[in-house]
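Enquirer: Modelling step: build the complete structure from the supplied sequences, incorporating the hints.
There are 2 protein chains.
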Amino acid sequence: MKFTIKRSIFQQELQTVQRAISTKTTIPILTGVKIVLNEEGLSLTGSNSDISIETFLPVTNEKAQLAIEETGAIVLQARFFGEIIRRLPEDLFTMEVLSNNQVAITSGKADFTVNGLDADNYPHLPVIDAANQIKLPVHVLTKLIGETSFAVSQHESRPILTGVHFILNNQELLAVATDSHRLSQRIIPIENTAENFDIVIPGKSLTELSRSFMNEEEIVEISIMENQVLFKTENMYFYSRLLEGNYPDTNRLIPTSFNTEIEFQVPELLAAIERASLLSHEGRNNIVRLEIADQGVTLFGNSPEIGKVEEELNYETVNGDPLEISFNPDYMKDALRAFGDMSIKIKFISAIRPFTIEPSENSVAFIQLITPVRTN
Amino acid sequence: MKFTIKRSIFQQELQTVQRAISTKTTIPILTGVKIVLNEEGLSLTGSNSDISIETFLPVTNEKAQLAIEETGAIVLQARFFGEIIRRLPEDLFTMEVLSNNQVAITSGKADFTVNGLDADNYPHLPVIDAANQIKLPVHVLTKLIGETSFAVSQHESRPILTGVHFILNNQELLAVATDSHRLSQRIIPIENTAENFDIVIPGKSLTELSRSFMNEEEIVEISIMENQVLFKTENMYFYSRLLEGNYPDTNRLIPTSFNTEIEFQVPELLAAIERASLLSHEGRNNIVRLEIADQGVTLFGNSPEIGKVEEELNYETVNGDPLEISFNPDYMKDALRAFGDMSIKIKFISAIRPFTIEPSENSVAFIQLITPVRTN
Chain P
1 MKFTIKRSIF QQELQTVQRA ISTKTTIPIL TGVKIVLNEE GLSLTGSNSD ISIETFLPVT
61 NEKAQLAIEE TGAIVLQARF FGEIIRRLPE DLFTMEVLSN NQVAITSGKA DFTVNGLDAD
121 NYPHLPVIDA ANQIKLPVHV LTKLIGETSF AVSQHESRPI LTGVHFILNN QELLAVATDS
181 HRLSQRIIPI ENTAENFDIV IPGKSLTELS RSFMNEEEIV EISIMENQVL FKTENMYFYS
241 RLLEGNYPDT NRLIPTSFNT EIEFQVPELL AAIERASLLS HEGRNNIVRL EIADQGVTLF
301 GNSPEIGKVE EELNYETVNG DPLEISFNPD YMKDALRAFG DMSIKIKFIS AIRPFTIEPS
361 ENSVAFIQLI TPVRTN
Chain W
1 MKFTIKRSIF QQELQTVQRA ISTKTTIPIL TGVKIVLNEE GLSLTGSNSD ISIETFLPVT
61 NEKAQLAIEE TGAIVLQARF FGEIIRRLPE DLFTMEVLSN NQVAITSGKA DFTVNGLDAD
121 NYPHLPVIDA ANQIKLPVHV LTKLIGETSF AVSQHESRPI LTGVHFILNN QELLAVATDS
181 HRLSQRIIPI ENTAENFDIV IPGKSLTELS RSFMNEEEIV EISIMENQVL FKTENMYFYS
241 RLLEGNYPDT NRLIPTSFNT EIEFQVPELL AAIERASLLS HEGRNNIVRL EIADQGVTLF
301 GNSPEIGKVE EELNYETVNG DPLEISFNPD YMKDALRAFG DMSIKIKFIS AIRPFTIEPS
361 ENSVAFIQLI TPVRTN
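If you read the protein sequences in the order shown, they are chains P and W. Per the UniProt record's numbering, the very first residue in the first sequence carries number 1; after that it's consecutive. Per the UniProt record's numbering, the very first residue in the second sequence carries number 1; after that it's consecutive.
Keep in mind the hints are simulated off the structure, nothing from the lab. It cannot be assumed that every hint is accurate.
Any copy, or any two copies together, can satisfy a pair, since identical chains are not distinguished.
Stated by the list, open to error - When the alpha-carbon atoms are kept at most 35 Å apart in a straight line, the in silico DSBU-like pairs for lysine-lysine are as follows:
hint	residue 1	residue 2
1	143	63
2	333	109
3	333	24
4	347	2
5	135	232
6	345	63
7	63	347
8	345	6
9	333	63
10	24	345
11	63	308
12	345	308
These numbers come from a predicted model, not from an experiment.
Expert: What follows is the structure, given as C-alpha cells:
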C-alpha cells in the first residue's frame, strides 16, 4: 500500500472512526484503525464491542488529493497514529507499508516509521441485507434521538432499559425510552414501505451516531438484521449491536385522563427549575415542590443547610384542581430541554401519579412522563 | 446590609475572588466569600492558605448601578452563592441581611433565602506598608511570570524550588525558577527606586495572579513585607505568602563558554520537537536525540514498541564542534513556548553539560538552561 493524501481531509475521516475505538478493549487489534486502499478509494474502520464505523473516501474526491501508488491494507494503533497525523509539518503526507507491517509516514522532512498489524487479523463487519431499509434525513433522525435517548437507564441492572425501543409499524416510527422513573416517547411518520420491525438500540450507540454525522441534510438509510443495525450515509457506515430481550410494554404506562392541566413556555419554566434545583441538589432528596393554587403557581426548593428558594411562576393557562406535587428537578430539566423553545402542557392526575408533558401544539406526537416523589 | 446591583458586574467581581477560594480548606469560613458594603462601595474577599484576593467596586462605577440602602457585612458560601447569582432571572438583584445571618437574594419573582456566616469571624488580611513598592504595567509582570514560573519544581521535596526567586537590585528585577533539571531566568529594568528585596513567591500564586488581572494596560504596585507580598491594581488587592528558606545560588549554574552554537526559529523547532516527543513519550526514558553534523542537523525520536521518527531540521546558523546530545523534549517544549515567536540561539559545551537557550537578539536578558540526559 502506498498513497499520498491531504492531511486535513484524512484527519477528518480518522476522527470519525475513532469514535468507535476504545483504548480499553480486551481485543488488542481493536485499539487500531483499519486502513484499506483499493482502486475506488480509501476506507477506514474503527470498532468496539458495541459499534463499528467505516468511512469511505472516493478517489474522485478532488479536495482529498488522493494519489494511489499501490493498493493494500494495514492496521495502525489509532490514538498514536492520530497524534502523528495531527502534527505532520506539511499539507500532504505519504503513507507506505514496508516489510513486516512497518509503515513509513512522511511529510516534508519528517519521516516516521511505525509498527502496524496485519489487516487480515481485523474482525469482519456484519453483512447486512440492503433490501429492507428505511430512509430519513439525518436531522430528523438526530432530533428523534435527542428527544428520547436521554431517558434511557444508566444502570445495567435491567440492560434492556439502557436502549431506545424503536417500532416501525403502519408507516409510523415510534421511539421510546424509560429508566422506570421517567419516559420519553416520540412518533414520526415514515414514507418508506419497509418491513415492520421492533428493536432496541443501545442509548450510547445512538449518542455516538448523532455525533458522527457531518451533514444534517444528508439521507441516512437504516437497515436491520438479527442482532445489528446499520446507519448508512453516502460516505459512512455506522453499525450498532442491538439489545436482546423484551422491552416492557410502555404504552399502558401513559395515562389518558387528568385532573389538572397547566401550560408553560419552556425557557421560562426551565430557568425556574434550574434555580430551584440549586437548593434541592444540596438537600438529601433532590426534590422541588410545585404548588398550583387559586392565588398563583409557585415553585419551591429547599436545603436545610444552605437555604431555600421560592418563585412565583409565569404560566399561559391553568385548568382543574389545585395541586401540590414534588418531583426530581433533574428529570424535569432533561424533559424540558428535549422540547426546546416551545409551549408545553403538563397534565396531572394527583400528587402520587405520574404526570405527562406534551407540546401545546397537538400535531406533534411527543409525550414525556415523570413519576413524582411522595413526600408523606 | 442591603443593596441592589447589576448582576453581571457583581458576578465578575465574584469570579475574581473565587480564584482564591478552595472547597478543600480546613477552615470552614474560608469556603465563603466575605462581602463588605460601606459608603464608598462594595468589597469582596476570598482567601486560602496561600493567596487572598480582595476586589473593590466603588459606588461611583455607573455600570454597576450599585444602590446602597444599608451598609454592613456577611460571609456566604462561595460556590453555592456563585451558582445562585449566575441563574438569577433579571439584570439586577437585591441582597439583604436578615436576622441570624440569613440573607435574602431577590431578582424578579425569585426569592432566595440562604444561610450566611458572621463577617467578624473572617480572618484579617495582612497590613502591608505601602511606602516601599515597585510599579510595573500588568503586561510586563504577566510576561515575566510566563517566562519563568513554568520552570518551578512541582515536587514538595525541596519546597523552596516550588517558587520563583525575585531579586530587586540596582534598578533591575531578576526572576529565576528552577526544578534542578532546567532553569529559566529573566531580568527586566525597573524605574522605581524602592528598597532592594530578595523574595521567593510560590509558582501557583503567580499563575493565579496572572489569570486574575482584567486589564493588561493597568499598573500593578508590588509591596513586600516579612512573609507576604501584595500586588495591587486599581480595584484588586492580591496577597500571596512568601516561601521561607534560602534559594540556591543559581548564577553559578549558568555556563559562559561553549563549543557548539546553533540558531533556530522557535515555531519550526517547536513543531519538530513536538513530533519527536510523540515517540519519546511512548518509550521508557522520554528522550529525543539531536545530532549536529557536517552534513546536517537531525532530530530523532524512538519508541521500541511503536516506531521512530527522524527529521532533518531547518536552522539559521551553526558554529563549532559536531555534537550528539539527548534531552527531555518536554523541557525543551516549555522553554521554546516561553520565547514565543522569535529566533533563538542554543549553546552547548558537550553532550553531558547543561546547554543554554537565549534570544538571538542580545538585548533581551532572558536565558534558559536544560540539563541533558546521558545515554551511555
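Enquirer: Of the numbered hints stated previously, which ones are contradicted by the structure, given in increasing order?
Expert: Violated: hints 4, 6, 7, 10.
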